[in-house]
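Peer 1: The primary structure of each chain is shown beneath.
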Amino acid sequence: MFEITDKPIAAADLEDLVITNADGAVVTFAGVVRGHSKGKKVLYLEYEAYKEMAEKKMAEIGEEIKARWPIDRIAIRHRVGYLEIGETAVAIAVSAPHRQEAFEACQYAIDRLKRFVPVWKKEVWEDGEVWVGREGG
Amino acid sequence: MFEITDKPIAAADLEDLVITNADGAVVTFAGVVRGHSKGKKVLYLEYEAYKEMAEKKMAEIGEEIKARWPIDRIAIRHRVGYLEIGETAVAIAVSAPHRQEAFEACQYAIDRLKRFVPVWKKEVWEDGEVWVGREGG
Amino acid sequence: MMKVKLKLFATYREKVGQSELELSVPEGSTAGGVLARLVADYPALAGLAGATMFAVDQEFAAADAVLYDGQELALLPPVSGG
Amino acid sequence: MMKVKLKLFATYREKVGQSELELSVPEGSTAGGVLARLVADYPALAGLAGATMFAVDQEFAAADAVLYDGQELALLPPVSGG
Chain A
1 MFEITDKPIA AADLEDLVIT NADGAVVTFA GVVRGHSKGK KVLYLEYEAY KEMAEKKMAE
61 IGEEIKARWP IDRIAIRHRV GYLEIGETAV AIAVSAPHRQ EAFEACQYAI DRLKRFVPVW
121 KKEVWEDGEV WVGREGG
Chain B
1 MFEITDKPIA AADLEDLVIT NADGAVVTFA GVVRGHSKGK KVLYLEYEAY KEMAEKKMAE
61 IGEEIKARWP IDRIAIRHRV GYLEIGETAV AIAVSAPHRQ EAFEACQYAI DRLKRFVPVW
121 KKEVWEDGEV WVGREGG
Chain C
1 MMKVKLKLFA TYREKVGQSE LELSVPEGST AGGVLARLVA DYPALAGLAG ATMFAVDQEF
61 AAADAVLYDG QELALLPPVS GG
Chain D
1 MMKVKLKLFA TYREKVGQSE LELSVPEGST AGGVLARLVA DYPALAGLAG ATMFAVDQEF
61 AAADAVLYDG QELALLPPVS GG
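Residue numbers (my numbering), protein chains in the order written: chain A, 1 to 137; chain B, 1 to 137; chain C, 1 to 82; chain D, 1 to 82.
Simulated from the structure, these hints should not be mistaken for laboratory data. Mixed in with the good hints there might be a few duds.
Stated by the list, open to error - Simulated restraints on C-beta separations: (1) A:Glu-63 with B:Gly-39: 26 to 34 Å; (2) B:Asp-72 with D:Phe-60: 36 to 44 Å; (3) C:Lys-15 with B:Glu-63: 34 to 42 Å; (4) A:Ser-37 with D:Ser-19: 42 to 50 Å; (5) B:Asp-13 with D:Ala-51: 36 to 44 Å; (6) D:Tyr-68 with A:His-36: 41 to 49 Å; (7) B:Gln-100 with D:Gly-28: 42 to 50 Å; (8) A:Gly-86 with B:Val-124: 38 to 46 Å; (9) D:Ala-46 with B:Asn-21: 57 to 65 Å; (10) B:Ala-22 with A:Glu-63: 51 to 59 Å; (11) A:Glu-64 with B:Leu-43: 33 to 41 Å; (12) B:Val-130 with A:Arg-68: 47 to 55 Å; (13) A:Glu-129 with C:Glu-59: 34 to 42 Å; (14) A:Ser-37 with B:Val-124: 47 to 55 Å.
Glycine included, every Cβ here is placed at the ideal spot set by N, Cα and C.
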């Protein structure tokens, strides 16, 4: 349920993992590679992870969520390697008895992931490239 | 993009409809038929809509969202007819440049839908049935 | 007299046994007046009337909205989409 | 002397040209001390050092964390997942 992978990912696949008969709401988030960054045209992106630690940190986010909300089904998958514009870099799915909790927990998961999960991305443009650090996103 | 249908629906299908190269975040919501309601075991549910008005109201929710957030891709689909436990009754997908907007707009959409879109559901248990009115959900 | 199309949903549809009625009502009739007439014919609906919203030609309307010939009036019990 | 495994990511990996180094360091070395030594060897990394976080055996650690033989130290430039 908490995975770094070099294969294409989709929020839909995670949705199937978290849904149960007891749940009333499923919220998913997909972070998609954008075609422009600060006005420059991005050709592609390269993602790199400290895989063992990233999967451990994602699982910890899951534990935090289970402690804070009445939720026991959450899945997070982050892709690494070369990504084309429009592809999904990170996907999260949360299922919960009520929608408010599902929205809160899903947003919490991506906020925590952006801050603490060791994954880096390099933007490659026509005339250069750069590893992008912490940002508003 | 705003549809009442008697066929099975999935948030994943709507995700594909709203994604564009300009977007950075896609948030989906799926409202799933629960197996229990107030302690009673639900056998199945029956959904009924005032289809023409419901589709108009869902499109209006889309317009409200476009006016409030920098979002131009949103899809809402609501199913009617007989639904089994675990099936999706309503699905919403929103794509936006940034995740905060996508979460806010998706939550806004389901909140508005629950209040103003003319769709009704009947819960059928082993020993009875009832049309369910406005609720916290 | 004029014609209005009355749309019935959920409990209304079940108690009346139809999802749509063509009614002849006096000129100047209101949405609430039509509901009151329906409740007179189907007393089992009385408990629901206070929580009902109205739509005229697929837009929300108040109980005192005056109807015109050929309009579509819908009785909307509390909604519960999703 | 003791052995530590140094994991390098993103800019660190590119500038050093490797994703992993086996280092021999004095007993009592700290995470920050290992980074300082790496920057001495690769001055191009100096600008990044202040924004770097450390992980020891895959858990966040402070710059003054003392390392033990066989541990894995990772240099984490600002993350940007998602």
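Peer 1: Now tell me if each hint is right for this structure.
Peer 2: Against the structure, the hints:
| no. | hint | verdict |
| --- | --- | --- |
| 1 | A:Glu-63 with B:Gly-39: 26 to 34 Å | 29 Å, holds |
| 2 | B:Asp-72 with D:Phe-60: 36 to 44 Å | 40 Å, holds |
| 3 | C:Lys-15 with B:Glu-63: 34 to 42 Å | 35 Å, holds |
| 4 | A:Ser-37 with D:Ser-19: 42 to 50 Å | 25 Å, violated |
| 5 | B:Asp-13 with D:Ala-51: 36 to 44 Å | 42 Å, holds |
| 6 | D:Tyr-68 with A:His-36: 41 to 49 Å | 47 Å, holds |
| 7 | B:Gln-100 with D:Gly-28: 42 to 50 Å | 46 Å, holds |
| 8 | A:Gly-86 with B:Val-124: 38 to 46 Å | 43 Å, holds |
| 9 | D:Ala-46 with B:Asn-21: 57 to 65 Å | 37 Å, violated |
| 10 | B:Ala-22 with A:Glu-63: 51 to 59 Å | 35 Å, violated |
| 11 | A:Glu-64 with B:Leu-43: 33 to 41 Å | 36 Å, holds |
| 12 | B:Val-130 with A:Arg-68: 47 to 55 Å | 33 Å, violated |
| 13 | A:Glu-129 with C:Glu-59: 34 to 42 Å | 54 Å, violated |
| 14 | A:Ser-37 with B:Val-124: 47 to 55 Å | 52 Å, holds |
Hints 4, 9, 10, 12, 13, counting from the list given before, are not met by this structure.
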